[in-house]
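Novice: The listed protein sequences correspond, in order, to chains A and B. Under our numbering, think of the first position of the first sequence as 4, with each following residue one higher. Under our numbering, think of the first position of the second sequence as 4, with each following residue one higher.
It should be emphasised that the hints constitute simulated quantities derived from the structure, not laboratory data. Note that the coordinates shown come from a computational prediction; the quantities given were computed from them, not determined experimentally. Some clues are possibly wrong.
Claimed, not checked - Computed spacing ranges between beta-carbons, pair by pair:
(1) A:58 with B:294: 37 to 45 Å
(2) A:174 with B:28: 18 to 26 Å
(3) A:128 with B:38: 46 to 54 Å
Virtual Cβ for every residue (Gly too), placed ideally from N, Cα, C.
These are the residues of each chain, in order.
Protein chains: 2
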Amino acid sequence: MRTLPFAAVLSAVVLIGAAPPVAPPSPGEIVAKAPAAAWRVIPPEDLLILTLANGARVAIELAPDFAPVHVANIRALARAGWFDGANVVRVQDNYVVQWGGADEAKPLPPGIVTHPPAEYERSAKGLAITPLGSPDAYAPQAGFAEGWPVASDGRSAWLAHCYAMVGVGRDMPPDTGSGAELYTVIGQAPRHLDRNIALVGRIVDGIEALSALPRGTGDLGFYEKPAEHVPIRNVRVAADLPAANRPRYEVMRTDGPSFAAYLKARANRRDPFFVRPAGGVALCNVPVPTRRAP
Amino acid sequence: MRTLPFAAVLSAVVLIGAAPPVAPPSPGEIVAKAPAAAWRVIPPEDLLILTLANGARVAIELAPDFAPVHVANIRALARAGWFDGANVVRVQDNYVVQWGGADEAKPLPPGIVTHPPAEYERSAKGLAITPLGSPDAYAPQAGFAEGWPVASDGRSAWLAHCYAMVGVGRDMPPDTGSGAELYTVIGQAPRHLDRNIALVGRIVDGIEALSALPRGTGDLGFYEKPAEHVPIRNVRVAADLPAANRPRYEVMRTDGPSFAAYLKARANRRDPFFVRPAGGVALCNVPVPTRRAP
Numbered sequence: 004m005r006t007l008p009f010a011a012v013l014s015a016v017v018l019i020g021a022a023p024p025v026a027p028p029s030p031g032e033i034v035a036k037a038p039a040a041a042w043r044v045i046p047p048e049d050l051l052i053l054t055l056a057n058g059a060r061v062a063i064e065l066a067p068d069f070a071p072v073h074v075a076n077i078r079a080l081a082r083a084g085w086f087d088g089a090n091v092v093r094v095q096d097n098y099v100v101q102w103g104g105a106d107e108a109k110p111l112p113p114g115i116v117t118h119p120p121a122e123y124e125r126s127a128k129g130l131a132i133t134p135l136g137s138p139d140a141y142a143p144q145a146g147f148a149e150g151w152p153v154a155s156d157g158r159s160a161w162l163a164h165c166y167a168m169v170g171v172g173r174d175m176p177p178d179t180g181s182g183a184e185l186y187t188v189i190g191q192a193p194r195h196l197d198r199n200i201a202l203v204g205r206i207v208d209g210i211e212a213l214s215a216l217p218r219g220t221g222d223l224g225f226y227e228k229p230a231e232h233v234p235i236r237n238v239r240v241a242a243d244l245p246a247a248n249r250p251r252y253e254v255m256r257t258d259g260p261s262f263a264a265y266l267k268a269r270a271n272r273r274d275p276f277f278v279r280p281a282g283g284v285a286l287c288n289v290p291v292p293t294r295r296a297p
Numbered sequence: 004m005r006t007l008p009f010a011a012v013l014s015a016v017v018l019i020g021a022a023p024p025v026a027p028p029s030p031g032e033i034v035a036k037a038p039a040a041a042w043r044v045i046p047p048e049d050l051l052i053l054t055l056a057n058g059a060r061v062a063i064e065l066a067p068d069f070a071p072v073h074v075a076n077i078r079a080l081a082r083a084g085w086f087d088g089a090n091v092v093r094v095q096d097n098y099v100v101q102w103g104g105a106d107e108a109k110p111l112p113p114g115i116v117t118h119p120p121a122e123y124e125r126s127a128k129g130l131a132i133t134p135l136g137s138p139d140a141y142a143p144q145a146g147f148a149e150g151w152p153v154a155s156d157g158r159s160a161w162l163a164h165c166y167a168m169v170g171v172g173r174d175m176p177p178d179t180g181s182g183a184e185l186y187t188v189i190g191q192a193p194r195h196l197d198r199n200i201a202l203v204g205r206i207v208d209g210i211e212a213l214s215a216l217p218r219g220t221g222d223l224g225f226y227e228k229p230a231e232h233v234p235i236r237n238v239r240v241a242a243d244l245p246a247a248n249r250p251r252y253e254v255m256r257t258d259g260p261s262f263a264a265y266l267k268a269r270a271n272r273r274d275p276f277f278v279r280p281a282g283g284v285a286l287c288n289v290p291v292p293t294r295r296a297p
């Protein structure tokens with residue numbers, strides 16, 4: 004399968020006397036034509052809207068099934084207005100953008116679990132994983148569950164550090180990240196962080212407001228001067244916004260035929276530009292499709 | 004190996020009565036301590052210096068052993084001043100930044116091979132590949148040769164589309180890319196492009212001048228208005244610069260002990276932050292170290 008040439012497929016079509024070959028659809032065309040049933044709505048309770056001081060908006064889907072304590076903290080922090088006036092403090096090229104955190108020097112609101120458990124993995128039980136179908140360098144199994152990129156060793160399963168995933172910054176002790184300091188991935192998937200840090204969600208819209216920020220020139224990409232900080236106007240749980248102002252997003256279901264066709268097309272590009280389909284694909288090179296709800 | 008816990012290593016040290024364990028070095032520490040013999044200098048003939056109109060400089064190492072005709076074209080284009088006043092015309096988030104090309108609407112200088120061969124792969128003969136040591140989703144073998152990330156099927160070998168790699172834009176027919184239109188990868192490795200397009204080098208310094216540019220809002224991330232274009236002051240072959248102004252860069256040799264230690268540390272992070280080394284690593288999550296020559 005790996006090196007099946009596109010030409011061989013064309014010849015087969017010609018041999019059986021079919022009509023002239025039509026270019027197979029690209030992954031984008033498959034997504035565009037997916038029926039309504041291929042999508043699930045992100046519950047407004049699981050959707051955070053981060054608005055920068057300049058008005059740019061970033062939508063984040065939370066993953067309570069993978070990191071429930073951290074996600075509860077983040078919702079509570081948003082509801083207490085804790086992130087309002089916080090800053091993007093770190094932009095490291097090909098790695099992460101980070102905001103909030105200890106640099107804000109403001110106390111956490113009451114009710115926050117300051118030392119949450121290390122929610123780095125969960126039981127694989129009850130989690131139906133659509134297999135990637137290609138080998139993964141980091142885990143015995145990789146695939147998609149409930150719309151998320153995951154890896155598994157059969158007993159446990161965990162979210163994978165793909166582009167746009169959101170995690171919780173922490174210090175050396177594994178239980179030091181409350182959720183007040185968050186980061187998102189803006190480069191090659193740093194999968195070595197999997198199971199070393201709590202992933203809590205992903206950006207589903209607007210990541211370019213973060214990924215195109217100037218890189219920090221300090222160690223690890225931290226901005227060296229407060230004047231470089233990028234201020235956050237506020238962070239809100241979508242459920243708390245008036246219905247008229249509440250953005251709605253959908254994620255493609257990863258257990259249905261549309262996603263199966265999309266995954267296959269990502270691993271075997273046969274749209275016209277391609278002369279050699281790869282016959283395989285990396286987990287983080289299959290971004291799960293998301294969209295504004297129609 | 005995959006899940007060998009860090010704790011087990013510590014216990015072993017304690018059991019044999021050694022001194023208190025010292026944290027193993029991080030990949031960065033291994034690179035910082037690598038001896039001079041671990042590095043090779045980039046020949047000035049293989050080094051392009053792209054300077055944006057705003058003065059920001061990007062250094063690109065060319066790969067003549069993999070795409071000799073395209074590389075000769077690019078050197079000739081630079082020497083003819085063809086890129087001077089050209090523009091960055093496309094910035095697609097999590098994908099590529101692209102400059103030059105047909106949009107410039109200026110004729111190619113004489114001597115350019117306008118339809119170069121499809122230099123997408125080369126013979127694996129004579130190419131010593133240091134194996135990655137982890138499975139690759141895209142090819143039977145992956146590793147490093149002459150300082151480059153490569154994949155191979157045993158007969159052929161090809162450069163891999165990792166972050167910062169530079170390739171030649173082309174139209175549908177595979178032989179349409181002269182080298183006047185170039186792109187670099189600024190996101191998750193689009194390895195599905197391997198063997199579908201000619202890679203000709205990589206950015207070794209200054210990629211943030213491109214990766215942090217505003218994303219284009221047109222189809223495929225093209226800038227919609229000429230006013231959004233990011234002008235290029237000039238592109239020079241380093242060999243043509245006066246010696247005093249000639250930047251010198253080095254690449255870590257990928258066939259020596261320093262790189263072996265670095266590769267092992269990238270696949271098994273044991274520096275203090277990490278609680279669970281991965282036991283594996285993806286090809287493009289092992290950036291080959293480069294530096295300004297000391």
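Novice: Run through the hints listed earlier and report the numbers of any the structure violates, in increasing order.
Specialist: none
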